[in-house]
Amino acid sequence: MTDTNPGAITSEVVSHLASLARIALTTDEIEKLTGELGAIVNSVAKVSEVATDDVPATSHPIPLSNVFRADVPGVTLTTEQALAGAPEHDGSRFAVSAILGEEQ
Amino acid sequence: MDYDKALELFEPTLGFEVHVELNTQTKMFSDAPNPAASGAEHGEPNTMITPVDLGLPGSLPVVNEEAIKYSISLGLALGCQIAPSSRFARKNYFYPDLAKNYQISQFDEPIAFEGSVDIELESGRTITIPIERAHMEEDAGKLTHVGGATGRIQGAEYSLVDYNRAGVPLVEIVTHMITGAEADAPEVGKAYVSAIRDIVRSLGISEARMERGNLRCDANISLSPRGSGKLGTRTETKNVNSMRSVERAVRYEIQRQAAILQKGGTITQETRHWHEDTGVTSAGRPKSDADDYRYFPEPDLLPVEPSLELIEELRAALPEPPAERRKRLKAAWGFTDLEFRDVNNAGLFSEIEATVEAGTTPAQARKWWTGEIARLANLQGADASSLISPADVAALVALMNDGVLNDSLARQVLEGVVAGEGSPADVVESRGLKLVSDDGPLIAAIDEALAAQPDVLAKIRDGKVQAAGAVIGAVMKAMKGQADAARVRELVLERASAE
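Protein sequences, first through last, are from chains A and B.
Taking the numbering used here, I'd label the letters of the first sequence as residues 1184 to 1287.
Taking the numbering used here, I'd label the letters of the second sequence as residues 1223 to 1721.
Derived by calculation from the structure, the hints in this document are not laboratory data.
Remember, predicted model here, so these are calculated numbers, not experimental data.
A virtual CB, placed ideally from N, CA and C, is assigned to each residue, including glycine.
Worth double-checking, as some hints may not be accurate.
From chain A, some residues computed to sit far from chain B (all C-beta separations above 12 Å) [claimed, not checked]:
{"#": "1", "residue": "K1215"}
{"#": "2", "residue": "G1221"}
{"#": "3", "residue": "N1225"}
{"#": "4", "residue": "A1234"}
{"#": "5", "residue": "D1236"}
{"#": "6", "residue": "P1246"}
The calculated DSSO-like cross-link candidates involving lysine-lysine, where the alpha carbons are at most 27 Å apart (straight line), are [claimed, not checked]:
{"#": "7", "chain 1": "B", "residue 1": "K1699", "chain 2": "B", "residue 2": "K1686"}
{"#": "8", "chain 1": "B", "residue 1": "K1656", "chain 2": "B", "residue 2": "K1681"}
{"#": "9", "chain 1": "B", "residue 1": "K1313", "chain 2": "A", "residue 2": "K1229"}
{"#": "10", "chain 1": "B", "residue 1": "K1589", "chain 2": "B", "residue 2": "K1686"}
{"#": "11", "chain 1": "B", "residue 1": "K1656", "chain 2": "B", "residue 2": "K1686"}
{"#": "12", "chain 1": "A", "residue 1": "K1215", "chain 2": "B", "residue 2": "K1322"}
Only chain A is shown next, with the shape it has when bound in the complex:
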């Protein structure tokens, strides 16, 4: 899907995202979410009213950069810990339902 207006939340956008996320939505839910997501996007879009071309885009509120970690191994999870929250597993690997489509 190509976005001519990436900000516009339509019911098509919502149902497309839902299918990508494998979430089954009813028509009512899609309509409701279209409205709610639209309201969120519109309120965030207010930023563009004050941002002008001479304001550089930012992804972080604090002017920091180069926060790094030394390349030293730390503590890992045990297999039991890793799988503790998994609805299904085979004792060492997570089990997920059949994958339709292709590997990324």
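On the provided structure of chain A, position chain B as indicated by the hints.
Okay, now just chain B, sitting in the frame of chain A:
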């Protein structure tokens, strides 16, 4: 369609995406041990992970400084500019090979951009491959599909996920479109991947073993009708994982697309999968709608702003560029043009250089790598470098120099090493392949052979030394090849004249 015919009608345009797994000690954004680190093993499933790799609530990624330095070094070695400021982005997609539902990658602000790599073809032709960008990202976990058709995604009933590989530092190197390769296109693919492999190996930033997935290549190929000036629709062939396969896949795709276009058909823009066993590509998903990744800046990570000092420090530490290295090695090794070209085409510089460093002569190293090892590699459809380490080749040569092995025993030992039976010394021991160095058993076998062939004995005594060949042959057979033929000859002459 016949390859020559395809080239007559169409001009191929290529593009490559090569993923390089960095061999840092830990992952890109977590301090879990990196399974792609030098000497690391993959480990039992889900034992090399932290909450960050599972995207658990409350976990925060932190960038591995070493991975940044490796990426900058790679960018510099590719002749790229290094971005004064670059950012990470979330690439959103819905597939369980990453637990977060997104991959942390770089989108509009890669760490390195606009470079080039010169590659040399067998014919001596040099082609400059333009590099668009090299960006950092994290590798994904490994899925095993269970049920349905074996190993295929379609029809799988469920999938098992191991996240050990999730978060391994990756650099993705993307070329601009490569035009003008013409009939050399398949070789360009192979030579380019080989050049990237040589560069990352010389930098020491990746194990670069294609059979282990340390280096993975996606090949984009399109055809345009000759003289039309119109770019064709491209396909992207994924995960072509040996240099030989890159060459075969490009050739196959050119022939396949040419056949469709000539019949008036159209090429679908899609991902295709390369099948090593059958040598064909097959259609995967169409590119259009699944590529809706909704990239946005990663809010958990801060911009990377390398200082000029750091960049210059890393630039100063760059190893010799592979093209210059080629010239130097040619002079140092003293091979003929033909021998050197064979080594170059086989992509064996690093192997031979490392083998020579481990103590062999250049000629010995070349003999093994382009001879017996290449033959075994060909039989297995693998790259020679995946079969044996340079240190083991040097150890094998040393065993020959020490008189423990002759040429035919050394070949058997090599087979043992390739079969995973351990080092050459281990194989000598476990297979009992040593040359008999004690003269006692040799003399016994010689006396027996001389007694069995009295006519030969008589000829030798008459001074017809060449007659000894028959006896030497019999003795070698009796010793099952585990004797030094030169020593046997000495002893045969000695025994013949003694009696």
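To see whether the hints hold, each was checked on the structure:
no. : hint               : verdict
1   : K1215              : holds, 21 Å
2   : G1221              : holds, 16 Å
3   : N1225              : holds, 17 Å
4   : A1234              : holds, 14 Å
5   : D1236              : holds, 16 Å
6   : P1246              : violated, 9 Å
7   : B/K1699 to B/K1686 : holds, 22 Å
8   : B/K1656 to B/K1681 : violated, 32 Å
9   : B/K1313 to A/K1229 : holds, 25 Å
10  : B/K1589 to B/K1686 : violated, 35 Å
11  : B/K1656 to B/K1686 : violated, 31 Å
12  : A/K1215 to B/K1322 : holds, 26 Å
In the structure shown, a violation is registered for the earlier hints numbered 6, 8, 10, 11, in ascending order.
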